[in-house]
Amino acid sequence: MPNAGIIGLTVDNLTCRRGEHEVFAGLSCSVHPGDVLYLRGPNGAGKSSLLRILAGFIAPAAGAVGWDGEDVAVDPLAHRSRLHYVGHLDTLKPVLTAAENLSTQAAMLEEQADVDTALRRFGLGNLRDLPARFLSAGQRRRLALARLAAVPRPLWLLDEPTVALDAGSVERLETLIAEHRATGGMAVIATHTDMNLPGAYTLELEGRQRVAAP
Amino acid sequence: MPNAGIIGLTVDNLTCRRGEHEVFAGLSCSVHPGDVLYLRGPNGAGKSSLLRILAGFIAPAAGAVGWDGEDVAVDPLAHRSRLHYVGHLDTLKPVLTAAENLSTQAAMLEEQADVDTALRRFGLGNLRDLPARFLSAGQRRRLALARLAAVPRPLWLLDEPTVALDAGSVERLETLIAEHRATGGMAVIATHTDMNLPGAYTLELEGRQRVAAP
Amino acid sequence: MSGWHRFANPTRFSRLSARILPWALALTIVLFAAGLYLALVGSPPDARQKDTVRIMYIHVPAAWMALSTYVLMAIFSGMGFIWKHPLADIAAKNCAPVGAGFTLLALITGALWGAPMWGTWWEWGDARLTSFLILFFLYLGYIALWQVFEDPEKAARAAAILALVGLINIPVIHFSVQWWNTLHQPASVFRRGGPTIDPAMLWPLFIMLAAFEAYFVSVLLLRIRAEVAEWRVRALQMMQAEA
Amino acid sequence: MSPFLAVVRRDLLIARRQGGGSLLAVAFFVVVAALFPFAVGADPISLRQVAPGVIWVSALLATLLSLDRLFQADFEDGSLDVLALSPQPLFFTVLAKVLAHWLVVGLPLVIASPLVGVLLNLPVEAFPVLVAATLIGTPALSLVGAIGAALTAGIRRGGVLVPLLVLPLYIPTLIFGVAATADPAHAAEPLMLLGAVSLVSLVLAPLASAAALRLALE
Amino acid sequence: MSPFLAVVRRDLLIARRQGGGSLLAVAFFVVVAALFPFAVGADPISLRQVAPGVIWVSALLATLLSLDRLFQADFEDGSLDVLALSPQPLFFTVLAKVLAHWLVVGLPLVIASPLVGVLLNLPVEAFPVLVAATLIGTPALSLVGAIGAALTAGIRRGGVLVPLLVLPLYIPTLIFGVAATADPAHAAEPLMLLGAVSLVSLVLAPLASAAALRLALE
Ligand code: HEM
Ligand SMILES: Nc1ncnc2c1ncn2[C@@H]1O[C@H](COP(=O)(O)OP(=O)(O)OP(=O)(O)O)[C@@H](O)[C@H]1O
Ligand SMILES: Nc1ncnc2c1ncn2[C@@H]1O[C@H](COP(=O)(O)OP(=O)(O)OP(=O)(O)O)[C@@H](O)[C@H]1O
Ligand SMILES: [Mg+2]
Ligand SMILES: [Mg+2]
Chain U
1 MPNAGIIGLT VDNLTCRRGE HEVFAGLSCS VHPGDVLYLR GPNGAGKSSL LRILAGFIAP
61 AAGAVGWDGE DVAVDPLAHR SRLHYVGHLD TLKPVLTAAE NLSTQAAMLE EQADVDTALR
121 RFGLGNLRDL PARFLSAGQR RRLALARLAA VPRPLWLLDE PTVALDAGSV ERLETLIAEH
181 RATGGMAVIA THTDMNLPGA YTLELEGRQR VAAP
Chain E
1 MPNAGIIGLT VDNLTCRRGE HEVFAGLSCS VHPGDVLYLR GPNGAGKSSL LRILAGFIAP
61 AAGAVGWDGE DVAVDPLAHR SRLHYVGHLD TLKPVLTAAE NLSTQAAMLE EQADVDTALR
121 RFGLGNLRDL PARFLSAGQR RRLALARLAA VPRPLWLLDE PTVALDAGSV ERLETLIAEH
181 RATGGMAVIA THTDMNLPGA YTLELEGRQR VAAP
Chain A
1 MSGWHRFANP TRFSRLSARI LPWALALTIV LFAAGLYLAL VGSPPDARQK DTVRIMYIHV
61 PAAWMALSTY VLMAIFSGMG FIWKHPLADI AAKNCAPVGA GFTLLALITG ALWGAPMWGT
121 WWEWGDARLT SFLILFFLYL GYIALWQVFE DPEKAARAAA ILALVGLINI PVIHFSVQWW
181 NTLHQPASVF RRGGPTIDPA MLWPLFIMLA AFEAYFVSVL LLRIRAEVAE WRVRALQMMQ
241 AEA
Chain D
1 MSPFLAVVRR DLLIARRQGG GSLLAVAFFV VVAALFPFAV GADPISLRQV APGVIWVSAL
61 LATLLSLDRL FQADFEDGSL DVLALSPQPL FFTVLAKVLA HWLVVGLPLV IASPLVGVLL
121 NLPVEAFPVL VAATLIGTPA LSLVGAIGAA LTAGIRRGGV LVPLLVLPLY IPTLIFGVAA
181 TADPAHAAEP LMLLGAVSLV SLVLAPLASA AALRLALE
Chain S
1 MSPFLAVVRR DLLIARRQGG GSLLAVAFFV VVAALFPFAV GADPISLRQV APGVIWVSAL
61 LATLLSLDRL FQADFEDGSL DVLALSPQPL FFTVLAKVLA HWLVVGLPLV IASPLVGVLL
121 NLPVEAFPVL VAATLIGTPA LSLVGAIGAA LTAGIRRGGV LVPLLVLPLY IPTLIFGVAA
181 TADPAHAAEP LMLLGAVSLV SLVLAPLASA AALRLALE
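Which chain is which? The protein sequence lines are U, E, A, D and S, in order.
In terms of our numbering, the first sequence opens at residue 1 and continues consecutively.
In terms of our numbering, the second sequence opens at residue 1 and continues consecutively.
In terms of our numbering, the third sequence opens at residue 1 and continues consecutively.
In terms of our numbering, the fourth sequence opens at residue 1 and continues consecutively.
In terms of our numbering, the fifth sequence opens at residue 1 and continues consecutively.
Be a bit skeptical, because a hint or two may be false.
Per label pair, the in silico range of CB-to-CB distance [unchecked claim]: (1) A/A26 with E/D114: 46 to 52 Å; (2) D/P87 with U/G199: 28 to 34 Å; (3) E/H32 with A/Q147: 52 to 58 Å; (4) E/D114 with U/A59: 26 to 32 Å; (5) A/Q147 with D/E76: 34 to 40 Å; (6) U/V74 with D/E76: 29 to 35 Å.
One side of the interface only, derived from the structure: several residues of chain D facing chain U at Cβ under 7 Å [said to hold, decoys possible]: (7) Q18; (8) D77; (9) G78; (10) D81; (11) P87; (12) E218.
Treat the hints as calculated values from the structure; they're not laboratory data.
Note that the structure is predicted; figures quoted are calculated from it, not measured.
Each residue gets a CB set at the ideal place from its N, CA and C atoms; glycine is no exception.
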């Protein structure tokens, strides 16, 4: 059971099963305001699966995910309203322009959003009116990430966010995450590459589930 | 004009235009047997576009691509039969098993192919009968790359091949590329991360197109 | 929640079904023997229909079973969906082919009966006939949906949604005879004011219905046991593979 | 702007940019219906007899063809994840998408229905009823179709399955729609029943679709 | 195995694994055909009159529905790139994919057509002609549909044009198909014309589709 009184995200004795295959079991950890948790492990270790469980998309086979001490399954809508999930897919409509893509997403997530600032933060200012089908791989990725900047939410779940990003864009993302942490935000990041996020914790998946100190 | 007598791939004064936007212009370089050429540059510099031009998928706005001194536009079919292109998309059918995915691809590319060895080279031996829809991001990527090992072709065009791969898989890929080079193969690789391929050349895109020595 | 794995353990169901099965099978044989004898030999030929009336003893129970099997399938689906009980899912899944079989049987016997009675095998304008064909398609859609999902837990939930939504068609079929003018005769047994059929025909009909019912129970139990066994083997294999 | 309106607006914008959503549905509706004079022969009497049925089957198929990618497109590019994180129950998200679909496809069909009536020699007195019936009935077509679309959203090429799942569920709408159009003098009862079908669908279809979509999110 | 056969085999394998490609097309064919009499609500005479039209419209729709993702699926997962690197001209790759599609969808429709004929009260003497006509005509449906499918794959440009292009192209097949089926005594001429349509499509459709696919490759 998630412990009462704890602030932030708690993962309690979680088991994940896909099909008949048990991906991981008995996983526990917690993420507090300002924390960043890396998920690491070889391909197929269950990083993406864990992120989807944390987002509430998959029900865990056993165990629970908690927020501020309460099981998120109690009020799934409240949980989904407090998090961002950026996965492998780019969530873009090729016929809409970059600005339209971001503003329609933001409008679905939140009443108000500052789309242009968010675009500029990811260096997409001069591409705002280009249809998304013309964007390069890294530009698409940046556009998908831009909703983190457009709509403030406390919990970010990022699945290999640096994929296809050039060095400058990775830095932009790191800056954004740093600001997010400074305002009490949390992030769980599955990644195979190194990012520059001081003080991040690491959860190694595959058999030896343990939290390594930063 | 591609120069007669030169062995391998030659790029002569190439211009790429997407829509009304000129992505790069006046680009020249060449790749000889055993060479690896990195394409580097920020997002949107034109790395993916260049790879698709080299594959014959896009016609260049100006300039030419040559093979053994002859313009590849003369016999596009011959050119397409001599190269592998591995892009961002995973080219997998979710309903087919890993082995079926690879063997159907190989059969379309070549009469004979050793599918099982290729799977094992990428550590997919025990996943061979799992439908591709169940594979993790890195497992899918490895399966897409496995056709490099299954069907021998002299020219490899790889667009960010290390994306989603864990460290072990990156090493496997590096070994494969090394063997490919040893038998006179060539590779052009667009990437944002570092790979361990000794003696590789680098082509920096965006404004200053120049070939840096290894 | 991780239901399909619970089959690794022996369940109450196995013991219970093992006890019921012999009785159900015996009952099926006895009732079919008695019912068929009464239907084919013991009951009088109809004044108007002569011996073709004997098709009724197959057609009517088959039609009733087709409808009630669908309802049962929907109930199982609802139970599986709400309580996530895998046994309910498996039961619902295995109702479908049996129910589709009943539907097909009713369709074929109805068509065979229609040829001498109405002078046509099939009549499109007839709401009862067509809506019954629709029931057959509903069964097919349900079976197809199970097929296209790789993950049985997902398939079970998707199919349950379809079964529950399709439930709406059942009253349409049953009341179609009242709502539209049809060739097909209206309800003559299960109606307000009691049956209008001669008791000499009613009894064989009821015995045949009971025979169909017993047959259904037997087949359903056999199918469920087979599938449970299959899952148990799969679970064991998985455990060995992971060890 | 509420999340509900945001979803509607988004889908309308995409439909407008993609071009031809409405045009395709209407063209399909008219072409299928226009085929029948060829088949039945131009004899006005028999044409008039089949007209209501042909109109409704064409409308139904036009809806169906445009529906099969309603959720699949969002599933395939990951947008479904974003939709699921919207601060409103999935029920309303589904409803918003269906509303947008009806505005893009259903409403144009209603507007085009008199044209098809003319092509098929429908008696003049049936026209007001035809418009009323399609106006009341097409929402049910979009709503019920959404169930099929949602059930197959997570399956690649599941779209082929949609007709088999959905067509049986369309039967009541078809029956009442045809009944109203064929006998305009006594249209009140079938129109009411048509309204009842639409109302029931309005509650049940988003419920069923939302449950089905949760499967696609896994 | 030649690359041509490899492509055919691959598409057949996918269809089999995806489950029910043929079954679904046939089910759709039968369900749609079953809708018409339901809607037309018919005495056998007028049913018999509409039967040829209904059969052909249903066959057309069943083909159309299963076709629209013929190339798009390959485009979206990148397989089109692999197909393009096959050591045979794109023309034959397209032809192989269309052949596989016809084997999965067209042929079963031919086989199922007598069943639909029975359901729709088609006169007995029309059955051989019906089978012959569908056998000759369905390849044209697959081939012409492939053009639309190829254009949709590169929808980056296609847009509104696709339905407006493909639906009119289907009209000759429909007219000759219906003509042959409706008047079996004088079927020779429409059957020949139907064959001509299929033959012309056999050359032109892969050519046009291959050109359209090259756009999708860019
Ligand atoms: C293909 C053709 C036919 C089909 C699809 C069909 C379908 C059905 C169905 C679905 C029922 C069950 C109704 C309910 O319980 O709500 C039924 C019952 C019955 N059918 Fe048919 N039928 C067909 C042909 C015929 C013919 C030709 C006859 C005789 C003239 C006939 C006589 C009956 C009778 C007597 C009942 C029992 C009615 C009652 O007591 O409820 N059917 N049929
Ligand atoms: N039709 C078009 N109109 C205008 N610009 C276009 C069009 N098509 C592509 N572009 C632009 O062409 C450029 C080249 O994109 P390309 O995918 O080749 O870049 P890349 O170097 O591979 O980038 P990345 O590192 O993000 O993968 C991008 O800036 C893109 O926005
Ligand atoms: N239905 C299923 N049946 C069997 N195995 C499955 C099923 N679905 C997923 N898996 C397996 O679950 C494991 C977890 O996959 P997941 O995508 O979470 O891994 P990951 O850690 O994100 O890997 P990557 O680094 O490659 O992204 C994989 O090994 C995958 O093959
Ligand atoms: Mg992953
Ligand atoms: Mg790129």
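Practice item. Give me the numbers of the hints this structure contradicts, sorted from smallest to largest. Key: 1, 4, 5
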